[in-house]
Amino acid sequence: MRYIAYLAALLGGAALSLEGAIYGELGKTIGKLETSFYNFFVGSIILAVLWLFFGKGRLSYTLEAPKWKLLGGVLGVVYLTTIVISVPFVGVGITMVAVIIGQLAMSIIIEHYGWLGSQVAKINKEKILAVISMIIALVLVY
Amino acid sequence: MGFLMILSTLIGGLTLSAQSAINGTFSRKAGTIETTLLTFLTGTLFLSIVILFFGKGNVLAILEVPRWQLSAVFLGVLFLLFIVMAVPRIGVIATNITIIIGQLVLGIVIDHFGWFNSLVIPIDAKRAAALVFMASALYFIYKGNKRSMEQAQG
Chain P
1 MRYIAYLAAL LGGAALSLEG AIYGELGKTI GKLETSFYNF FVGSIILAVL WLFFGKGRLS
61 YTLEAPKWKL LGGVLGVVYL TTIVISVPFV GVGITMVAVI IGQLAMSIII EHYGWLGSQV
121 AKINKEKILA VISMIIALVL VY
Chain U
1 MGFLMILSTL IGGLTLSAQS AINGTFSRKA GTIETTLLTF LTGTLFLSIV ILFFGKGNVL
61 AILEVPRWQL SAVFLGVLFL LFIVMAVPRI GVIATNITII IGQLVLGIVI DHFGWFNSLV
121 IPIDAKRAAA LVFMASALYF IYKGNKRSME QAQG
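Just so you know, the protein sequences line up as chains P and U, in that order.
Going by my numbering, the first sequence opens with residue 1, and the numbers climb by one from there.
Going by my numbering, the second sequence opens with residue 1, and the numbers climb by one from there.
These aren't lab readings, by the way, just hints derived from the structure by calculation.
No experiment lies behind these values; they were computed from the predicted model shown.
Fair warning: there could be bad hints in the mix.
Distance ranges between label pairs, derived from CB positions [said to hold, decoys possible]: (1) S118/U - V139/P: 17 to 25 Å; (2) I135/P - N117/U: 27 to 35 Å; (3) V50/U - F89/P: 35 to 43 Å; (4) P122/U - L63/P: 34 to 42 Å; (5) V49/P - F53/U: 29 to 37 Å; (6) F113/U - A65/P: 42 to 50 Å; (7) L119/U - L63/P: 31 to 39 Å; (8) K29/U - V120/P: 31 to 39 Å; (9) L59/P - Q151/U: 33 to 41 Å.
Think of the CB as a built atom: it goes at the ideal place given N, C-alpha and C, for glycine as much as any other residue.
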């Protein structure tokens, strides 16, 4: 079961790369913010259909949940918007390195303290080595 | 100016991992498809407001672009579905590192072949070395995660 989760995350990242490359082209025609809007708007429609047929959970939990648990969508928009603003100023390379370092540092902190409802998982030397390997890989790519 | 930009981009990265953590938590009670749907719906709401004030492009041009460019939305949906599935099972950091590796590996492949009108950047020694370091990162995160989960249980 655990392998499937790793595979899902790997495929998710690959999908993100493909998506980025294709949306780069779309953005040239309709604009960058408009491209994000297209993604979220049509994505909502696709998911509504998926939910109608395959939804097994409880969407009504939305109304009972503490409000901070509803922030996922907004955070996604903040992420997209900062990238759109930053790329023309500092270039794709530095933007991606900065985003990824922010993402990794924050992941470690969130999990170490069990913030945002995640399970506590302490930092250990393997995790630090993983992050160091990632930073070396990033520097080599860009 | 450049420094401020880099700082704000760093914050962009923070929001991405916060998003995966929050969505993972929400999905335990609401379900995977439901969490993804909610993320897309609220994202649409906020972007509508952002576009009204700051939109410079033309959304209606969507009817004139080549269809394959529109197919990326399925990838966007898959991405979020996969993330919401992975976080409750392997945790925030393993999910995020694995996403980044998938992203970089495919990015290197796209560059190598110059797909989707991108610049052609062939795989060289530096990029090959980067792939090796990513593989070792994946190995370390798997090991490290297993150990901290065992500690949490025991």
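Each hint, compared with the structure:
About 21 Å separates the C-beta atoms of S118/U and V139/P, a value consistent with the hinted range of 17 to 25 Å. Evaluation of the 27 to 35 Å hint for I135/P and N117/U yields a pass: the beta carbon distance comes to about 30 Å. With their beta carbons about 19 Å apart, V50/U and F89/P fall outside the hinted range of 35 to 43 Å. For P122/U and L63/P, the Cβ-Cβ distance of about 53 Å falls outside the hinted range of 34 to 42 Å, so the restraint is violated.
Between V49/P and F53/U the C-beta distance comes to about 30 Å, which sits within the given range of 29 to 37 Å. For F113/U paired with A65/P, a C-beta distance near 44 Å keeps the hint of 42 to 50 Å intact. About 48 Å separates the C-beta atoms of L119/U and L63/P, a value inconsistent with the hinted range of 31 to 39 Å. Our hint of 31 to 39 Å for K29/U and V120/P is violated, since their Cβ atoms are close to 19 Å apart.
Range check, L59/P to Q151/U: Cβ separation about 36 Å, and the 33 to 41 Å hint holds.
Violated hints, in rising order: 3, 4, 7, 8; the structure is consistent with all others.
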